[in-house]
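A.B. asks: Protein chains in written order, with the numbering used here: chain A, 13 to 161; chain B, 23 to 110; chain C, 112 to 188; chain D, 129 to 232; chain E, 2 to 545; chain F, 115 to 284; chain G, 16 to 124; chain H, 650 to 761.
Hint data in this document are derived by calculation from the structure and do not stem from the laboratory.
This one's a predicted model, so the numbers in the text were calculated from it and none came from an experiment.
There may be inaccurate statements among the hints.
Result set (PhoX-like, lysine-lysine): computed pairs, CA atoms no more than 25 Å apart in a straight line [stated by the list, open to error]:
#1 K397(E) x K492(E)
#2 K743(H) x K492(E)
#3 K213(D) x K755(H)
#4 K743(H) x K755(H)
#5 K213(D) x K743(H)
#6 K202(F) x K269(F)
#7 K277(F) x K202(F)
#8 K213(D) x K101(E)
#9 K36(A) x K277(F)
Rough simulated footprint, nothing fancy, chain A against chain D, three-plus residues with beta-carbon under 8 Å [what the hints assert, rightly or not]:
#10 169 to 179
#11 192 to 200
Residues from chain E that keep clear of chain A, each with C-beta distances beyond 12 Å, as calculated [claimed, not checked]:
#12 R26
#13 V31
#14 A45
#15 G49
#16 M52
#17 L271
#18 P364
#19 P381
#20 T476
#21 L478
#22 L484
#23 G517
#24 A535
Glycine is no exception: its CB is placed at the ideal position from the N, C-alpha and C atoms.
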Amino acid sequence: MDRTDTGRAGMNRKTTILDLISRKLAPFMLLFGLYVLTYGHASPGGGFQGGVVIASGVILLFVAQGVEAAERLFPFATLSRVETMAFLAFIGAGLAGIAAGIGFLGNPMVLVEVSAAPRAGMVLLLNLVIGIEVGSGVSLICLRLFREE
Amino acid sequence: MALTLVWTIRFLVVSIVVSMVRVVIGPTVADRMIGLNLVAAQTLALLVLISVSMDRTILLDVALVYDIFGFVGLLVMTRYFSGRKGEL
Amino acid sequence: MVEALLVLMLISSVFALLIRDMLAAVLLLGVFSMLSCLVFFLLSAPDVALTEAAVGTGVGTVILIWIVYRTERRDRT
Amino acid sequence: MKSGRLTAAAEILVLLLTAFFLYQGLRGDHGEESEIRRHIIENGSSETGALNLVTSIYLGYRAFDTLGETMVLLLAVSGGLFLLKPGSSGNGHDERGEDGYGQD
Amino acid sequence: MVWVLLSPMLGATAALFGSLFERFRGTACVISTISLAVPAVLLALLTGPVMEGEVLQHSLGGWSPPWGINLVMDGLAWVSASLTTLIAVAVALFALDSGKYGARFFFFLLMMAVGMYGVALTGDLFTMFVCFEIIAVSVYVLVAWEGTGTGLAASLKYLILSTTGIMIFLFGVFLIYRDLGVLSISGVSEALRAAGGVRNTPVMHLALASLCVGIGVRTAFIPFHTWLPEAHAYAPHPISAFLSGAMIKISFFAMVRIVLEFGGDYLMDLLMWIGAFTALAAVLSALSQTDVKRLLAYHSISQLGYILAVFGAGSSLALTASFLHALNHALFKSLLFLTVGAAVSFTGERNIYRIHGLGSRMPVVAAAFFVGALSISGIPPFNGYASKAFITMGMKGSGAYPLLWATSFLTMASFIKLGRIFLPFSRSGAEYDRKERPPGILETSVVAVLALMCLGTGVFGSQVAGFMHSMLYGTELVTAPRLFTAGSLLKTLPMIALGILAWRMVLTGPGRSLSGRVRALAPQLRTVLIFFFAGLLAFAAVAY
Amino acid sequence: MNLRARWNLVRFFITFISLFSGWLLFTWSLDTGSLVAGVVSCIAVSLVTWSIFVDETEAGRRAHLPRPHYFLLFLGVLVFNMYVASFKVLWQIVRGNINPSMVHFRTHLRTDIARVVLTSSITLTPGTITVDLNEDHLVVHWLDAQTTHSRYAGKLIKGIYEKLLRRVWL
Amino acid sequence: MNIGTVIFFVLGAVFNIMGNLGVIIFPDAYTRLQASSTCSTTSVLSFLIGCMFLVGLGPMLGRLLVITIFFFVTSPISAHIIARFAWQNGMVAWRRNFRMTGGRGRADG
Amino acid sequence: MTWILIGAILMAGLWGVVNRPNMIKKVMALSIANSAVILMFVYHGSLSGDTAPIEGNGGTMVDPLPQALMLTAIVVGVCVMSMALVLVYRLHRKYGTLDMREVEGKAWKLRD
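In isolation and in its complexed conformation, chain A is listed as follows (with noise of 0.2 Å):
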């Protein structure tokens, strides 16, 4: 089905010292994009933030280990499955707004207290959404770039 990862690309064999580095940094980078996602609300940031910080960590893992390595971590079919199901999740946190009856992508749940950090409910549920989206999305097209043909 596929032809493996040693054309142009594999022309630059694989060293140790990036190997290492990608795989010691990139759980570190999927992490702070979790992080910028979910404290999207009160800091910088936010889902389309997150979501490329998570697409960079899948990123650096490509690039360093070829793309094949980070196939096997991230499958294709599930990525686009995933970010497919996060934008119907997204259109369905906008009908909760409905059923709520405050219209479309209303906030249902504003909270009076809001100093407390991950507890922003609507905001941080699309943030979450988005972030997923983007994270899988952007993660898609690169590994579909630089695959070899």
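Once you have looked at the hints, place chains B, C, D, E, F, G and H on chain A.
C.D. replies: Below, chains B, C, D, E, F, G and H without anything else, positioned relative to chain A:
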């Protein structure tokens, strides 16, 4: 103390100007990359200094994201560019 | 300060459009977006700065590198 | 040759005039104080529950723009994947024997 | 009201699911087509209130307009949304039956429809920008759908032009926000009115010019039209129909809304002249084309010129005529694109001189084609005649009318030229290596229904115009003209004669060489962009 | 539960704990909400990446956990050397008297992480940049080369780091 | 505390000037990389440490620490990958045959 | 002064779109011009305050609305850019050139 910060920030802006020279004139791509790296490092310092001078913790996130993306961008650049020998 | 950075951005964008070597153009575009990120930060828009850092320096550079990698390094036009 | 020079002259002329147009647009003072800004700064975070006012606009007041943006992203991603697919060139038969853009 | 937007969105998601999961493949297309029925039903339900002049508003998320986004359903929005629905349903059914297009095609199609509904309904400038981009990105993909080099190049050309245009649109939004501090359209018009009459600051004029240019690229009138022939000609046939039938109209309606609400009366003359000139120039180049779909695409530009010119005439009757012609053009142009598309995919040939005798192979389609051709040429009793009669009334006494009159017989000439492909007899008796099956039952019925609608809107032209007028203004059309009087019917006779004369002239030697020279006029993108900025400057100069 | 499953579980927990300590360091708060979000996202990330964060062959405590006192000592030495040798480069820049050359030598370190730290510290130490690391073979660009002999050069460049690193990570 | 900040800032500034100077005047990419990687890394680290002195214990310190660690890890790696890029593309290191001129270096030998 | 500089960047982008024949350069120029428009919005927003629009310590906040709008604009810009580059890639595979003039000449050679 605020004065020190302000002057340091100004100094860094000027030094970014100087580093840009290498980016613009660099004869080879590697030279330009060095310039890019230098600009990125100084911009990181600048971001950190500005956030410290504003005393807002949350602004430091920007610096970290910036650092991450500078690194990843450079990595992709070097990784996917091995042209013919001698063509740099 | 913002003006100085804007001048730098102008220089880097003009050179990015003029230069023959596509990789150098991508690099200059990367510098452009780094500087614009800095400008956004100075204009107290951390969100925009974050997005610009993520998009301009990150994804944008990656995609541009991809296209140069797949097509031609030299701008022969 | 001659037409090339003509084009270049026209280009320079047009761009200079556009620059003048831009200058006319950007000249002068910056309008009135925005009422939106006042309202959002006063009760943006209590209405949407986000401390970051940009987020409160982005996902509260103007969440529909964000939805549109997400749609643009989705379109760009799936369109890019579609156009990159090796089998997509030629006779317009798009999905033949593969499921989704996962496995091509 | 929000369901008008939501339903195609959900349908698009269903289509995307269908392209991802094997199991839903068949049902997804059907579901997505059905999801277009919901807006139709909703719009039908809303007809009554809107006709009484009620303006329905829906604040998205409960945030009221100055800081939130609201959807506005007034007559204009109703007309645009129904136009979109009409064409979208026809196109979706056609594509569903032709069987060539998978679930992802429907995803892009429906997303485009969502963008159009958004443009039609939104009351906010920035949301309009986003919706324009939704349309644009789906169009890029759909134009490049076949993967041929021409399609890709057309898509890229459209991308560059429209992105430049939308950037200028964004600049206009910026100027407005800077000057007035509001983004919603009603807010802007209120702010302008609050300043006593029309607020005549130069910045507002420039902003309006920028907005018009940004939309003008999508609307494709003359300095900005160059993307259209390629993009329409090399897209898949249903998409050509959709683009030509609905998309440029939606952009035009958005422009109408902006010009009317922002007090852009001083732009009217410019628009009228541009429109008339567009109509004439485009029909001239249409007459010289040999590629069937390019010919139709140039006719789209030309008919859009009509619409624009009569809008520029400014009276309320003129606006009604303009909208009526937009509706009619949507009907007959999508009909023409679908029928010609069926012919092209049946024969695998695009040259007008190499397709013969399809009339005997697909009689219904051929009949529908002739209905469309007669409509566009303005022959009674089809709808083109009706709207052209209204245009004549609307443009009475204005200087640009002779151009339009010239355009109408040239249109006829070019359709005499095009009509030969569907004539039932074939001169050379060419056999085609049947690339595709002949159009299926659903496709045929779609074109038949469209043809019947052309006929219906033609026969009941004044009633339709009255309906349109009451939609737009909430009042009855005062001077309801009679269409089928002997005098006006007689007026078409010299036009027919002139059309045939023009057709014969094209077939002569000098005509051929001239048309070849016109056809070879393929401006490069650089030239095109220079024209683009020249158009921008023209708008700015008039505004200033 | 066989050995492999247990090792996988251990790998997962190592990942989780590292990530969570990073989270704590970054957020610097002990709110319930923050902790919950941290735990959830750390679990999510570690579920995806445990297999690459800890390589399968990296069994052995010393492969990951440095000996703390030696590690601190190493860091101190590194930072000190950085500053000292930055002045050296500074002096070279001012004088403009340089003699660059490429030298090749080998390292005796065995784990990957130690090698990578070695190369990084060589790069940070002014006057030298690691150009390539291939198994245990290092290519170093030396700004002020005193010798090109492999072993002496290695001794001069690696200096104290290798000795310390052998204590830190084995 | 203030004194530490000032000292580190001054150190950083000095290194920064020298790093920039080195990048401008050194003859080829490798040597420029030496200047950039060492001097500018040291200078940015100095700035960061100075900031740490400035802010004291608190949430800001945690983030500064994370940024410092990240920069400390990635900066030598960036230098390494640039050098490796040049090396793999066949750039030959400048040898000392002539005294350095200004700006544009020559890769001979 | 700042306005003039931003306008100059915008003009540089537009000039690139018009003048550069290379398709990638055209796309880059579009991205630059887009950046300039974004800068305009953000600069205008920043004129009315001096701290970032995040609740915290005081000061007059800048206008948050242009920033929120520009987030959307940036994302849309990068989406369009990626689409454009994918198209450029396909065109290059088809015609083997990056020159827009050549591509147009080869693509729209009208068959008679």
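A.B. asks: Take the hints in turn and mark each one as holding or not.
C.D. replies: We went through each hint and held it up to the structure:
With a CA separation close to 15 Å, the supplied pair K397(E) and K492(E) stays within the 25 Å bound. In summary, the hint linking K743(H) to K492(E) is not supported, as the alpha carbons are separated by about 52 Å, beyond the 25 Å threshold. Pair hint K213(D) plus K755(H) holds up; C-alpha atoms about 23 Å apart against a cutoff of 25 Å. For the suggested pair K743(H) and K755(H), the alpha carbons sit about 10 Å apart, so the restraint of at most 25 Å is met.
A hinted pair counts as satisfied when its Cα atoms are at most 25 Å apart, and K213(D) with K743(H) qualifies at roughly 14 Å. At most 25 Å may separate the alpha-carbon atoms for a hinted pair to count; K202(F) and K269(F) meet this at roughly 19 Å. For the suggested pair K277(F) and K202(F), the alpha carbons sit about 23 Å apart, so the restraint of at most 25 Å is met. Under the criterion of a C-alpha separation no larger than 25 Å, the hint pairing K213(D) with K101(E) is consistent with the structure, at around 17 Å.
For a cut-off of 25 Å, the pair hint linking K36(A) to K277(F) stands: about 24 Å separates their Cα positions. For the stretch 169 to 179 of chain D, the stated coverage by chain A holds: 7 residues have a C-beta nearer than 8 Å to a C-beta of that chain, and at least 3 were required. Closer than 8 Å: that is the beta-carbon criterion, and the stretch 192 to 200 of chain D has 6 residues meeting it against chain A, so the requirement of 3 holds. Residue-level check passed: R26(E) sits 14 Å from the nearest beta carbon of chain A, beyond 12 Å.
With a minimum CB-CB distance of about 18 Å to chain A, V31(E) clears the 12 Å threshold, and the non-interface call stands. The beta carbon of A45(E) sits about 21 Å from the closest Cβ of chain A, which is more than 12 Å, so the claim that it is off the interface holds. Non-interface status of G49(E) relative to chain A is upheld: no Cβ of that chain comes within 12 Å, the nearest being about 23 Å off. With a closest Cβ-Cβ approach of about 25 Å to chain A, M52(E) is found to remain outside the 12 Å limit, as its non-interface label requires.
Every C-beta of chain A lies more than 12 Å from that of L271(E), the closest at about 39 Å, which supports listing it as non-interface. Look at P364(E): its CB is around 43 Å from the nearest CB on chain A, clear of 12 Å, so calling it non-interface holds up. With a closest Cβ-Cβ approach of about 46 Å to chain A, P381(E) is found to remain outside the 12 Å limit, as its non-interface label requires. For T476(E), the condition that its CB be more than 12 Å from all CB atoms of chain A holds, with the nearest at approximately 31 Å.
At roughly 36 Å from the closest C-beta of chain A, the C-beta of L478(E) stays outside 12 Å, upholding its exclusion from the interface. The Cβ of L484(E) lies farther than 12 Å from every Cβ of chain A, with a closest approach of about 43 Å, so its non-interface assignment holds. The non-interface label for G517(E) is consistent with chain A: the shortest C-beta to C-beta separation is roughly 41 Å, beyond 12 Å. Distance check on A535(E): its Cβ is at least 37 Å (rounded) from any Cβ of chain A, clearing the 12 Å threshold; non-interface status holds.
Hint 2 from the earlier list is the only one contradicted by this structure; the remaining hints agree with it.
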